[in-house]
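Asks: Work the whole structure out from these sequences, hints included.
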Amino acid sequence: MRHRFHALCPYFAMFPERFAEHWIRELTNEGDLVLDPFCGRGTTPFQAVLMGRRALASDINPVAFCVTTAKTRAPALSTLKRRIRYLENGYSPHMWVCRSRAQPAFFQRAYSTRTLSQLLYLRESLAWSRTRSDAMVAALVLGALHGDTERSPSYLSAQMPRTISTKPAYSVRFWEERDLHPPNRDVFALLRRQAMFRYSSRPPDRQATVVLSDFRDLPRLPTVTEKSVSCIVTSPPYLDVTNFEEDQWLRLWFLGGPPHPTIGRVSNDDRHTDPASYWRMVADFWRLVGYVIKPGGHVVIRMAGKRLSEHDVVQGLLGCAVLSGREVRLVAQETSAVRHRQTDSFRPGSTGVRFEVDTHFQVT
Numbered sequence: 032m033r034h035r036f037h038a039l040c041p042y043f044a045m046f047p048e049r050f051a052e053h054w055i056r057e058l059t060n061e062g063d064l065v066l067d068p069f070c071g072r073g074t075t076p077f078q079a080v081l082m083g084r085r086a087l088a089s090d091i092n093p094v095a096f097c098v099t100t101a102k103t104r105a106p107a108l109s110t111l112k113r114r115i116r117y118l119e120n121g122y123s124p125h126m127w128v129c130r131s132r133a134q135p136a137f138f139q140r141a142y143s144t145r146t147l148s149q150l151l152y153l154r155e156s157l158a159w160s161r162t163r164s165d166a167m168v169a170a171l172v173l174g175a176l177h178g179d180t181e182r183s184p185s186y187l188s189a190q191m192p193r194t195i196s197t198k199p200a201y202s203v204r205f206w207e208e209r210d211l212h213p214p215n216r217d218v219f220a221l222l223r224r225q226a227m228f229r230y231s232s233r234p235p236d237r238q239a240t241v242v243l244s245d246f247r248d249l250p251r252l253p254t255v256t257e258k259s260v261s262c263i264v265t266s267p268p269y270l271d272v273t274n275f276e277e278d279q280w281l282r283l284w285f286l287g288g289p290p291h292p293t294i295g296r297v298s299n300d301d302r303h304t305d306p307a308s309y310w311r312m313v314a315d316f317w318r319l320v321g322y323v324i325k326p327g328g329h330v331v332i333r334m335a336g337k338r339l340s341e342h343d344v345v346q347g348l349l350g351c352a353v354l355s356g357r358e359v360r361l362v363a364q365e366t367s368a369v370r371h372r373q374t375d376s377f378r379p380g381s382t383g384v385r386f387e388v389d390t391h392f393q394v395t
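Under the working numbering, the first residue of the sequence shown is numbered 32, with each subsequent residue one higher.
Only pairs whose alpha carbons sit at most 20 Å apart, straight line, appear in this in silico DMTMM-like list of lysine to aspartate or glutamate:
| hint | residue 1 | residue 2 |
| --- | --- | --- |
| 1 | K337 | D389 |
| 2 | K258 | D245 |
| 3 | K325 | D315 |
| 4 | K337 | D301 |
| 5 | K337 | E277 |
| 6 | K258 | E61 |
| 7 | K198 | D179 |
| 8 | K337 | E365 |
| 9 | K325 | E57 |
Calculated from the structure, these hints are not laboratory results.
Replies: If you want it as structure tokens, here you go:
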């Protein structure tokens with residue numbers, strides 16, 4: 032059975048766990064260290080610890096850090112249930128209902144008064160960046176924060192996509208035109224249900240090391256040692272495809288960010304539209320590879336982008352690989368069409384990515 036932590040939080044532009052599982056099985060042994068410097072929802076590090084490997088993960092996006100920490104450093108279910116009960120007992124409806132009524136129009140239309148007041152309380156109460164139990168509580172909220180409410184009782188908002196947060200003005204207009212209203216959900220009851228559902232799969236025995244960091248800073252961290260990584264399985268941001276600060280703005284808000292989408296506040300690598308700057312980022316990635324990868328180690332990359340052909344991807348990666356300072360050999364490449372694109376559900380007819388290129392390199 033698929034481990035239920037895998038789908039803890041729906042995420043845009045994510046690769047499936049079978050991709051990570053295949054390469055980890057093929058290229059590593061138990062106890063080897065696997066790295067993903069663009070970890071997203073944590074598929075690579077979580078699959079690695081499930082398979083008895085050690086895992087190191089980083090991402091500049093707080094949402095990615097929170098979800099990956101929850102999955103790969105999960106608290107015991109008993110600890111999580113106690114924390115949810117403690118939080119619920121500390122909630123004072125009157126105070127937080129008053130605060131909910133002072134929120135911008137988007138929040139008033141997105142959530143019922145009860146739901147919004149509970150979210151505001153949790154937003155200010157959770158130490159998600161410091162404690163494992165709060166990271167799990169926050170991740171469970173993030174996974175339920177918005178979605179297809181008409182089909183599932185597992186989401187808290189009025190009707191929205193489940194992988195991205197639509198922008199405030201568009202959302203309010205959408206709801207008003209269709210006379211849509213938010214469900215009156217109890218966040219604490221949902222947390223208890225989701226905890227029991229997710230923990231029906233046993234958490235892995237191993238834990239990963241997860242850091243909230245730009246990938247370029249990894250060599251300076253005490254948790255990262257030179258030439259210690261056996262395998263990298265990753266997918267850098269695609270060229271001109273998605274902007275996580277805009278697409279994940281509501282989840283970023285819950286983690287303490289502003290109540291509106293931003294651009295360039297968290298990362299300058301969020302969405303490269305210029306190929307030259309994009310390949311400079313990829314070159315920086317290869318510099319990291321040169322520092323961390325063991326002799327004979329492997330690098331697996333899934334990449335795509337607007338206006339990039341298969342040839343562009345492979346030659347661009349090979350060209351940038353010289354900056355690793357190591358000998359890099361292309362072992363294999365494969366191109367696959369993107370089917371059932373996530374954008375088709377909320378951006379029909381968009382001209383985004385139609386194929387992805389998987390490359391396997393060995394570094395000596």
